[in-house]
Amino acid sequence: MEFLDPLLLARWQFGLTTLYHYLFVPLTLGMALVVAIFQTVWHRTGQVKYLHLTRLFGKIFLINFAMGVVTGIVQEFQFGMNWSAYSRFVGDVFGAPLAFEGLMAFFFEATFIGLWIFGWNRLPRALHLFSAWMVVFGSTLSAYFILAANAFMQNPVGYQMAADGSRAELIDFFAVLTNPVVLAAFPHTIFAAWMFAATVVVAVSAWHLSRNQHIDTMRTSLRFGLWAVVVSFVGVAISGDQLSLVMVATQPMKMAAAEAMWDTACGADASFSLVSLGTPDGSEEIWSLRVPYLLSLLSTHSLDGCVEGLNDLQAQYTEQFGAGVDYMPIVWVTYWSFRWMIALGGAAALIAIAGLWVTRKKATRPVAGWMWKIAIWSAPLPLLGSLVGWVFTEMGRQPWIVFGLMLTEDGVSPSVPGWTVLISLLSFTAIYAILAVVEFGLIVKAAQKGPDPLPGPDDPDPRDRAVEDTPTTVY
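FYI, UniProt numbering numbers position 77 of the sequence shown as 77, with every residue one higher than the one before it.
If you are wondering where the hints come from, they were derived from the structure by calculation, not from laboratory data. Treat the hints loosely; a few may be bogus.
[As the list claims (entries may be wrong)] Straight-line distance between alpha carbons at most 20 Å, and here's what the computed EDC-like set of lysine to aspartate or glutamate pairs gives: (1) Lys449 with Glu439; (2) Lys59 with Glu439; (3) Lys361 with Asp216.
[Unchecked claim] If you anchor each label on the Cβ, the simulated ranges turn out as follows: (4) Ser415 with Ala163: 23 to 29 Å; (5) Asp263 with Leu303: 15 to 21 Å; (6) Lys449 with Arg365: 25 to 31 Å; (7) Ser166 with Thr429: 31 to 37 Å.
For every residue, glycine included, the Cβ atom is placed at its ideal position computed from N, Cα and C.
Kindly generate the complete structure, drawing on both the sequences and the hints.
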């Protein structure tokens, strides 16, 4: 039965659990930076509102971090459960950056999180602040190692095949860490994470300001969040442009699928369709709104550059890798995920720009209630953009699990029956659904509660570091 196909079920399980885990990754990466910045400003100015913001968003960060750890552990086990053939083939290479992530970056991050949590009133202020920035460094380093492992799947480097051809062997770890794909994907991922964290800051601030709560404190965080969204989006756009160049150089089929370009085109013919009506895969087009030269510009940074089409690349790959395989990804998935990624990120940036305008000091009209609602409900936009971006990245690589080396169908565990994968898929889905409700409820509760009165039993006395004439309360 097709619904018990082990390959299909294993792909669904890995895709769902990976996307679910990634729900927590951007907020961890971005919120760690937010907390470190607010604590730094408090440390330098002594203004108690920044201490309030440090503690409030620090609580959100810790809730999210705990859930990310729980869901991340499952990812490691899946390589042995459903993808043992893949693990045997690339374990020597793929395992190296993952080992560094777990044994160095994660423990580094976790150690300093512990120091930050229990160091209030126990560590010197400067050392406690240092621990916050080390959390940022550790989480960012962890992301780099994971992206380096993924980059090998997109563009295998730093390896040689074993004498019997049974597996890839690591010969240059530095080449793996400096893979052109990871060098381009890393800043793109980090800027996207910062952008999502900034929209969460905006949403929390807007919720309180819409109710006239903690006005001075939340206005400060609102403006910070809005500017952070705009700056991060600029970083996402610039790094995304560089990533597209690398993608064309390493996986031209993915770029062709992103535009559903079936035949090679150059110059004005290499246009980018903003929206298209026709068959989902673009093979038959009824109408489209196109920007001439744009795909050529994105792919080659030249107005007269050429972009290879799907049909030409299929013929090329057939000659290079062998006949009997459809080397094209599911075109409609790559086409629409690429556009939704851009649209969702762009929408968040436009909302932030509008928010900066309506909340400026010289604004003559109060912010309307519907505007606050937009600010609150726009928080997930960068996260959704990141998720569909990963769908594009991974689905666009198909049918390869390691591009040019191993097909996805060859990487699945050969002796695992479909019904066992189905059971684990349903179990993970049910457990993750419960955890999602708990996670969301805890974060919403912490966000709506807002800043706690200071000092609490484990809080620093805000007057210890307050500058002269700075009040200990601001609302």
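Structure-based check of each hint:
no. : hint                           : in the structure
1   : Lys449 with Glu439             : 15 Å, holds
2   : Lys59 with Glu439              : 12 Å, holds
3   : Lys361 with Asp216             : 13 Å, holds
4   : Ser415 with Ala163: 23 to 29 Å : 26 Å, holds
5   : Asp263 with Leu303: 15 to 21 Å : 19 Å, holds
6   : Lys449 with Arg365: 25 to 31 Å : 30 Å, holds
7   : Ser166 with Thr429: 31 to 37 Å : 34 Å, holds
The structure fails none of the hints (numbered hints given earlier).
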